[in-house]
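Visitor: Protein chains in written order, with the numbering used here: chain A, 1 to 342; chain B, 1 to 342.
The set of hints was computed from the structure by calculation and includes no laboratory data. Values in this document were obtained by computation on a predicted structure and should not be read as measured data.
Derived lysine-lysine pairs resembling DSS-like cross-links, with alpha carbons at most 25 Å apart:
#	chain 1	residue 1	chain 2	residue 2
1	A	277	B	277
2	A	277	B	151
3	B	45	B	30
4	A	45	A	6
5	A	152	B	277
6	A	151	B	277
Partial list, computed: chain A residues near chain B (C-beta under 7 Å):
#	residue
7	268
8	276
9	281
Here a beta-carbon is modelled for each residue, glycine too, at the ideal position from N, C-alpha and C.
Protein chains: 2
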Amino acid sequence: MEVENKQIIFKGFIQGMPKETDMELKIGNKIKLKAPEESGAFIVKNLYLSCDPYMRGRMRHFHGSYIPPFVPGSVIEGFGVSRVLDSDNPNFKPGDLVSGFTGWEEYSLIQKTVQLRKIQQDDIPLSYHVGLLGMPGFTAYVGFYEVCTPKKGDYVFVSAASGAVAQLVGQLAKLHGCYVVGSAGTSQKVDLLKNKLGFNEAFNYKEEPDLDAALKRYFPQGIDIYFDNVGGAMLEAALLNMRIHGRIAVCGMVSQNSVSDPQGTRNLFNLISRRIKMEGFLQSDYLHLYPRFLEDVISFYKEGKIVYIEDMNEGLESAPAAFVGLFSGKNVGKQVICVARE
Amino acid sequence: MEVENKQIIFKGFIQGMPKETDMELKIGNKIKLKAPEESGAFIVKNLYLSCDPYMRGRMRHFHGSYIPPFVPGSVIEGFGVSRVLDSDNPNFKPGDLVSGFTGWEEYSLIQKTVQLRKIQQDDIPLSYHVGLLGMPGFTAYVGFYEVCTPKKGDYVFVSAASGAVAQLVGQLAKLHGCYVVGSAGTSQKVDLLKNKLGFNEAFNYKEEPDLDAALKRYFPQGIDIYFDNVGGAMLEAALLNMRIHGRIAVCGMVSQNSVSDPQGTRNLFNLISRRIKMEGFLQSDYLHLYPRFLEDVISFYKEGKIVYIEDMNEGLESAPAAFVGLFSGKNVGKQVICVARE
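Throw the hints in and build the complete structure from the sequences for me.
Guide: Listed below in structure tokens is the structure:
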């Protein structure tokens, strides 16, 4: 059986911020819903696709990163939740739900099964498997527990705090007995942080002419842990407010253009005087902790101790705009594309 | 008995680089060579004084650092080796040799005994107690072993490599089975690194138009450990050449003006993609390791496994120029002032 397969194609390498026109919707390609014999591959129907900031790095012509660039003219690759339709792989059977790398298209032939997980469906929303229970949630979990070495009572600051990763970091920190303040870019997000995600305090960084002063107001005692998702000016302000032996987990630098910051961080001297550990990390180095993560976070969720906010766009066509929106903070919570509800 | 006491006075707070005129030689002050009764203090004759880059920070009007600023109009304070002349403190007797904080003057009244050590004199040069066996040596020891978490076979890069701290870092790294390359600012220093200090390779950064290219030449496999004494452009170049899970010990930023770098470090994104740990540290957080340090380094020295290079200036009068010279790399090895040979 051959069907039409709508796809989002990566047009060519970019510099700076991604634009919608860097991607295009392609209609008319056909795909056979049958896995080639002896391929070990399988065919899936994509249900939910994940828009993640790290994907910007794959749009650049740069091979020195931890993940290779996209191939111009090919379908965009990203995390997704999919249903197996046909399989030549004994580990994945028709009807199985999987989460892992797939294509930005209606149907995909999956050949790489690295970091691909079978989903045991229960009362957790399926789309959460690319968010709370997927790469962003796991990033929050290992970043907070393994990189930040938190202690009860620590003062924790999280930037881009309502985002896919940070909203969980803040909630884990609260559960750990920390005092948590988040920054975000709209009053709606600030409200969510305080009233839905349980942060102690939150502020709109766009309304703060002086970020250093804002942090001094929210952290008169200083910051023990800064979970950095943005880099740039906020990192500089945090460096001025870290406590001695503070920890900075460098998770993302969404304010920067992925490789270099035209401005630069000018006050790294504080690393010495305050004896700060600043560490970049990737969740993929901690995959041995994935089972424990799933167990912990599923428990927290089912006990009502954590919530998760998604920004769901409908239809594959909406993916380019949703992805581009990540870099101006248009999304409220984890950005997901619903390709099909089954 | 009252004697004349030549002193180096701190004239007033500075901005930017220190100049000789920020200090002045004061002649004519008298001092009684008798410790006040019931003071717990003692009088020393200063033999060797240490010129250390961190002292620049104390010349600034900034109270947020780990050590308070100097007091304008007062004698400069620094590490030194001194002989006790008279004492009201039962732990320090006339004739004792001590190393620790003292004044830039011929005789000092010592009231604070924090981090003050009594020296057991043996065949190690007395002046080494402000270098190899003093704060710089201890900084090298804890920075290398505790902050860099070295492994045999690691590729180690050290900047300002013939300096008071770094010359020992390189030698400890060699003893640990690492491959060590140092950068310095003159061909004389490069020669010392290769032929006296036993570095595998060394280069003159002033002759390298492209520091990234230089590091790629010396570290085709990349850098596991960067022991950073300079910050600035060399840090940026190192970030481009770190291996995955590399460690950067931030010991000093002599290229910067102590607080902010007008240029800024523009490629911190590499911390994430390469999963780098970058940590600032101060030796004073590790004082519990001082006895082990002394034991280890004295053994290494006596067994001929390490050497130490000093740049000795004669006379208290030479101190301001020697200190200022640190920031243009005028010193070759650890900068010491000989005030008196006993």
